[in-house]
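Generate coordinates for the entire structure from the input sequences, incorporating the hints supplied.
What follows is each chain in one-letter form.
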Amino acid sequence: MDWRLIFDTALTQGFGPQAIVVALAAIGLNVQFGYAGLLNFGQVAFLAVGAYSIAMGVDTFGLNFWLCVFLALLSAVVLALLLGFPTLRLRTDYLAIVTIAAGEIIRLVLRAGSYRGTTGGAAGIQNFADDFFEINPFPRGSNGIGFVDYSSSDLWVMTVGWGLVAASCLMIFLLIRSPWGRVVKAIREDEDAVRSLGKNVYLYKMQALILGGVIGAVGGMIFAIDRQSIVPDSLGTQRTFFAYTALILGGSGRVGGPVVGAIVFTFLTAFTDTTLRELVENNILDKIPLLPSDLLVANEVGIAVQILVGLGLMALMIFRPQGIFGDKREVAISARR
Amino acid sequence: MPVADTWMEPVERTPGCSKPDPILVADGVRRTFGGLTAVDVGHVEVQRGSITALIGPNGAGKTTFFNLLTGFDEPDEGTWTFDGASVAGIPAHKVARRGMVRTFQLTKSLARLSVLENMKLGATAQRGEGFFAALARPLWSAQEKDVTERADELLVRFKLDHMRGEFAGELSGGQRKLLEMARALMVQPQMVMLDEPMAGVNPALTQSLLEHVKALRDDGMTVLFVEHDMDVVHDISDWVVVMAEGKIIAEGTADDISTNSLVIDAYLGSHHDAPLTEAEVQAQLAEAEAAIAIEEGRADDV
Amino acid sequence: MLLLALLFATIGVLAGGPNASAEAAAPSGTSEGGEGVRGTFIDKKGTRAPGDDVPLVDVEVVITTTAGDEVVSGTTDEEGIIELELPSPGEYIATVQLDTLPEGVGLAEGAEVRPFSVDPNDTFRLNIQFGQRERETSTKLDQLPQLVFKGVQFGLIIAICAVGLSIINGTTGLVNFSHGEHVTWGAVAAWFLNVDHGIHLVIAAPLAILIGAATGALTDMILWRRLRNRGVSLLAMMIVSIGLSLAARNVLQVVFGETTKAFRDFNIQIGHDYGPITAVPKDFWLIGIAILALVGVASTLQYTRIGKATRAIADNPDLAASSGIDVNRVVLFVWAAGGGLAALGGILFAVGERVQFDTGFKLLLLMFAGITLGGLGTAYGALVGSFVVGMLIQTSALIIPTELKNVGALVVLILVLLVRPQGILGRAERIG
Ligand SMILES: Nc1ncnc2c1ncn2[C@@H]1O[C@H](COP(=O)(O)OP(=O)(O)OP(=O)(O)O)[C@@H](O)[C@H]1O
Ligand SMILES: [Mg+2]
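Protein chains in written order, with this note's numbering: chain Z, 1 to 337; chain W, 1 to 302; chain G, 1 to 432.
It is possible that some hints are incorrect.
[Claimed, not checked] Under 8 Å between C-beta atoms, here's a sample of chain Z residues computed to sit facing chain W:
no.: 1; residue: Thr118
no.: 2; residue: Lys199
no.: 3; residue: Val201
[What the hints assert, rightly or not] Taking lysine to aspartate or glutamate and the EDC-like style, the derived pairs with C-alpha atoms no more than 20 Å apart in a straight line are:
no.: 4; chain 1: G; residue 1: Lys362; chain 2: G; residue 2: Glu258
no.: 5; chain 1: G; residue 1: Lys405; chain 2: G; residue 2: Asp142
no.: 6; chain 1: G; residue 1: Lys362; chain 2: Z; residue 2: Asp192
no.: 7; chain 1: W; residue 1: Lys247; chain 2: W; residue 2: Asp235
no.: 8; chain 1: W; residue 1: Lys94; chain 2: Z; residue 2: Glu300
no.: 9; chain 1: G; residue 1: Lys261; chain 2: Z; residue 2: Glu300
no.: 10; chain 1: W; residue 1: Lys247; chain 2: W; residue 2: Glu77
no.: 11; chain 1: W; residue 1: Lys214; chain 2: W; residue 2: Asp255
no.: 12; chain 1: W; residue 1: Lys94; chain 2: Z; residue 2: Asp233
no.: 13; chain 1: W; residue 1: Lys94; chain 2: W; residue 2: Asp73
no.: 14; chain 1: W; residue 1: Lys214; chain 2: W; residue 2: Asp235
no.: 15; chain 1: W; residue 1: Lys247; chain 2: W; residue 2: Glu117
no.: 16; chain 1: W; residue 1: Lys247; chain 2: W; residue 2: Asp231
no.: 17; chain 1: G; residue 1: Lys405; chain 2: Z; residue 2: Asp233
no.: 18; chain 1: W; residue 1: Lys247; chain 2: W; residue 2: Asp73
Because the hints were derived from the structure by calculation, they are not lab data. Ideal Cβ positions, reconstructed from N, Cα and C, are used throughout, including at glycine.
The structure is reproduced here in structure tokens:
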């Protein structure tokens, strides 16, 4: 067992580009679910819109990269309007159903052979973010900070990414302590009461859906830019629920919750993943008596991590819905109603 | 007081009678749930500046009628006007903005908002409620201060000022009723519609609440409230409207009503306090089933 | 539920259609040391009979990294076999060069691109289904009867899967996102009994349905009832169900593997022409069993005491509880029935097609479309809605590429919500 490797990997990932993607997706969900009480089960659709607007814009249509960034934000607004228009007047389960379906629709369309010329089909699109890396101020080569070690392009993605995370958090902080935030939080508690006080609940829900979706799309852009590659099958529904797990871990309904949650979540999954791989590679599991010999093989590590995430999400929701740092009082209150 | 005392003298004591200065007029409002006609109101008027009680046995359709009038439910048919303008088919939040604000029978306090935040939510036309304006505090901080002051005054009046910073979810049931009523007043409506405001409020507090309600009338506000306690109805209402099985069966002053045989029949006819017997359970099952069957029959036509 | 299972058994015995034995299991990886990819490309001429198979010679396959860089390429030999070595374990994409296929041989849209991952010292088996390129002579409208026939079958299967989902929603308010895994689990349980333990499907299927029902009841007892009693909000419960779905789906992937598998019985059957449609015997049996099952569900709801109680609760939970109905008992029954029906649906689907670890999850989205169309929470609405959705998916193949047919159903879902959100048979909810 190489504990040093395990910790390094986990720590590197915990602050790396992947954590940023989870953080942005979770910040978006925090606006929708944490504050407005909207159950968006298709955050991955917004990630896809962000990622593919850039990839297709640059690669297929030959547009300017920065124009594509703008188009990505615009597309996220349009998607939110499309999803919200039929559902936001209804109970929130309808939103959940429609959004989870939308996530799958988008993935299926993107990987369809029929549109391969435009979307790249199942193989996706690669190398579309050169304009972004051209302005990378960090010197080439890898840059170590303490334990962790990042390449110069990673550092550039991280600088921009964490910058965007900070900007989103600041914006949400400002919004939530304003009367706007008061209305949105009230809608989470009981939308009929808010309606009876003369507020246009539908409009606020739409605004929250759009804001959360746009932040998710920013996450999608980072996701695509970081790897300079996007394939539709990396945008399965489980990505939405990774973000939910991170959000609830860190504490939904608080500004910093999703960020802390994303770091912890990414750290934990990377840690588990590497540890399991080490266990398998060094045949340590085989030495433990009573365990079946083929309990875990290398290609099942990813699956095992997903199982743990699923169970973790259940356990959190049941036993600590306020998150790891949360305040028990709020939960007691919501249970009293 | 003097104005309020005299207007009902010449008014007929019949269901659907006309009032000298009605603020709310409803016509032919009908709402069915499957085979059940929950509301079937031919004509009713509510006098401006009065306290009108809406009474009736359980399941009479009072709450449903409230829901319809305030845009929370849609009728099968019917029209109604508020302050001279039609509000039928208008979404609930717009009805509230026109000045007709309601509270709910099952209290809807916003549990994870503080009592003060609950109150401030009620204020209308807040600049900081716009998405972009919200980001710029100077645009709304002055208004927020006014709103807070007004909220604090009302909290004092409703004896909730000591709970100002607590989560609304931590209030007792009665306190939540008070909060909901106070919050409705933050909207500064012309008319408040209270669905069983006294239910669960302790008798001492009920007295002071009644005084509040009277004070509202003296400020020129119209109050329509649902109440089961006849003492309360006697105490404060200028006029009483009785509903049973969706229809308005009687109108008059509280004294008129308490001697009306129709009303007494309506109450006694559907009284149910004893625990259910097995036979009654079966009957209720059959009833629910019949309702389903009728509904399915109806859905088939669609 | 037991009744249903027995029904299935007797019908199955009577069926006994021409069922060939299962294909021999593919030999395990051949290469030793190093990673590779291997495939045998055969044109089956659109039939299952091995006699007319033709190997595809000189077909080029290019392997690239997920980033699109070419790694290696090669062509098939005279037996249609291609074998390529890969530099390291990891993720790759195989692309069949369409222009190297012989005249008249085609691939389903998009099937030529195949992402895959290979483990250390493993050989990935590249299975690609080749078929006849669509005959130009067959106009699209000629396919309509066939598609309608398939639509009836598919619609009924979705309906069976979805009734449970809808009744659970009606009685408890929960939209159970892990319902798809109940469907998969039914089919997988039947597969293990059938293929691993050699129990004939006619016996294995009812057993699996019982297992499914027991699983449904257990999840209610262990999980959902406790959450209800603790007063956990529906919103939170939905997220719990999502977590359960994610965990269960991946567990199924581990125990069942990643590939799609077929039952041993009723697997290969000879098709016959019936007027404008071509069908194998099992098509009719599937439709027959599905209809019987649905009639069973309807009569249970209509005539039995527990069925009436179920509808009473769905109609008005408070009234039902106050009138002495034991809500917990009814809900437990509903979960058991939902689990059993889901299992039946999964088995029927797997008999018609095949089963994979995420079959149920894919069906779940169609079930959602169905029950929303029919009216969330209503039992009969779920039947009608699902049937319409199944029909729509199959017939939509006339105008949209088959790989996108599910997308059509989901678009319908959104349109329904716009026009009539309470669905065909649903009704608006109560505000108090
Ligand atoms: N959404 C609904 N679906 C079906 N039936 C309903 C619905 N809302 C109300 N009802 C029925 O309509 C009738 C009138 O109900 P309503 O709540 O208006 O009575 P109420 O007069 O307010 O009674 P209470 O004094 O008990 O509050 C009842 O029979 C009730 O069961
Ligand atoms: Mg009522």
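Against the structure, the hints come out as follows:
Hint status for Thr118 (chain Z) relative to chain W: violated, with the closest Cβ pair at about 34 Å, above 8 Å. Given hint, Lys199 (chain Z) at the interface with chain W, holds; its Cβ is 6 Å from that chain's nearest Cβ, closer than 8 Å. A hinted interface residue such as Val201 (chain Z) counts as satisfied when its beta carbon comes closer than 8 Å to some beta carbon of chain W; here the least separation is about 7 Å, so the hint holds. At most 20 Å may separate the alpha-carbon atoms for a hinted pair to count; Lys362 (chain G) and Glu258 (chain G) meet this at roughly 15 Å.
Proximity of Lys405 (chain G) to Asp142 (chain G) is assessed by CA-CA distance (about 18 Å); at most 20 Å being required, the pair is judged to hold. Restraint check for Lys362 (chain G) and Asp192 (chain Z): the C-alpha separation of about 35 Å exceeds 20 Å, so the hint is violated. Proposed proximity of Lys247 (chain W) and Asp235 (chain W) is contradicted: the alpha carbons are some 25 Å apart, above 20 Å. For a cut-off of 20 Å, the pair hint linking Lys94 (chain W) to Glu300 (chain Z) is broken: about 56 Å separates their Cα positions.
Using a Cα cut-off of 20 Å, the hinted pair Lys261 (chain G) and Glu300 (chain Z) holds, with the two alpha carbons roughly 19 Å apart. Taking the CA atoms of Lys247 (chain W) and Glu77 (chain W), the gap is near 14 Å; set against the 20 Å cutoff, the hint holds. For the given pair, Lys214 (chain W) sits about 18 Å from Asp255 (chain W) by alpha-carbon distance, which is consistent with the 20 Å threshold. Restraint check for Lys94 (chain W) and Asp233 (chain Z): not satisfied, since their Cα atoms lie roughly 45 Å apart, outside the 20 Å limit.
This hinted pair checks out: Lys94 (chain W) and Asp73 (chain W) have alpha carbons roughly 14 Å apart, not beyond 20 Å. With a C-alpha separation of about 10 Å, the suggested pair Lys214 (chain W) and Asp235 (chain W) falls inside the 20 Å cut-off, and the hint holds. At roughly 39 Å between alpha-carbon atoms, Lys247 (chain W) and Glu117 (chain W) are farther apart than 20 Å, so this suggested pair is violated. For the hint pairing Lys247 (chain W) with Asp231 (chain W), the CA-to-CA distance comes to about 23 Å; that exceeds 20 Å, so the pair is violated.
For the hint pairing Lys405 (chain G) with Asp233 (chain Z), the CA-to-CA distance comes to about 18 Å; that is within 20 Å, so the pair holds. Annotation: proposed proximity of Lys247 (chain W) to Asp73 (chain W) holds, straight-line Cα distance about 18 Å (limit 20 Å).
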